[in-house]
Amino acid sequence: MRVSILIFLLIAGSVQAGYIRPEERLENTAWEERAMHLGADLRCITCQSQSVNDSDAPMAVAVRHVVRSKIQAGWDDPAIIAYLQQRYGTHILMTPPVKGFALPWVLPYLLLLASAFVIFLYWRRRS
Amino acid sequence: MRYLPILIIAVLIGVFALNLRDDSNAAITISKTPDGLPAIPSAPVAPDFRAYSQKDLRDRYTLINFFASWCTPCAAEMPVLKEMSDQGLVIYGILFNDKPPLARAFLEKYGNPYAGMVNDSDGSAAVDWGTTGVPESFLVDPKGKVVYRVAGPIGEAQRDKILSIINAR
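Residue numbers (this note's numbering), protein chains in the order written: chain A, 1 to 127; chain B, 1001 to 1169.
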């Protein structure tokens, strides 16, 4: 039982830590926490749907380094995001901002409403 | 009422078409070349490899090439780079995420097309240039502006494009 718990904690811990190497971490815990939050929201541009925190690809390591060096230089989070977005577009964001009419997101609900309407018409005609 | 499903489908197709025309909704907008000239690392690869700086990228066309010894496509593009440098194009290398001794062995094996070389060991220059990996190349015009980029190895088509830009001057 204890071994199971230990294995679980080790796996959970490794998932939490991602691929970030100990030497990458900032000594200032508040800065490191900011870097972790930013890293979780930034896409590894050479990977398949992974954040830079979750990848050991050289470009992900490079972006993590840039994020930490900008934090150390006194940049705030929006400035760091803007810097990266200027270079990589919204694709660098794990959740790109929704602009205009986001049809893919509302389509299921529209179809549900349309189906309910058709069923209602069919039911009324039969009754 | 019989035509309601057809009407719904027609409206949906119309909305889809409008969304597809809107470029700002494009899912992938990888690597827009940033305005202005990004940073050049100051660290040399080795004492006997000539380094360079941003002021070397003025008054003539230059090609900035990110490469690494562990990158197979980088080896594949070396003959084309060598050919272009032999024709007079100044090519500057940025070694990405690599060890200088391995880079030296790489260049001894495949030839050295670089007029200068700097070391981007932490990848910060690669991010500043908006690269998506190696190899990646940027043609810089005499005013110091990036006018063409190649993500991936330079082949004959990209070489011809680079030469046509330079010769159209």
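Hint data in this document are derived by calculation from the structure and do not stem from the laboratory. Among the hints, erroneous ones may be present.
Simulated pairs of lysine-lysine, DSBU-like, Cα-Cα distance not exceeding 30 Å [unchecked claim]: (1) B:Lys1161 to A:Lys70; (2) B:Lys1143 to B:Lys1109; (3) B:Lys1099 to A:Lys70.
Derived contacts from chain B toward chain A, CB cut-off under 8 Å, selection only [claimed, not checked]: (4) Ala1051; (5) Ser1053; (6) Gly1123.
Beta carbons are placed, not taken as given, at the ideal position from N, Cα and C, and that holds for glycine.
Results of checking the hints against the structure:
1. B:Lys1161 to A:Lys70: violated, 36 Å
2. B:Lys1143 to B:Lys1109: violated, 34 Å
3. B:Lys1099 to A:Lys70: holds, 24 Å
4. Ala1051: Not OK, violated: alanine 1051 of chain B not within 8 Å of chain A, min 20 Å.
5. Ser1053: Violated, because the Cβ-Cβ distance from serine 1053 of chain B to chain A comes to roughly 20 Å (cut-off 8 Å).
6. Gly1123: holds, 2 Å
The earlier numbered hints that this structure contradicts are 1, 2, 4, 5.
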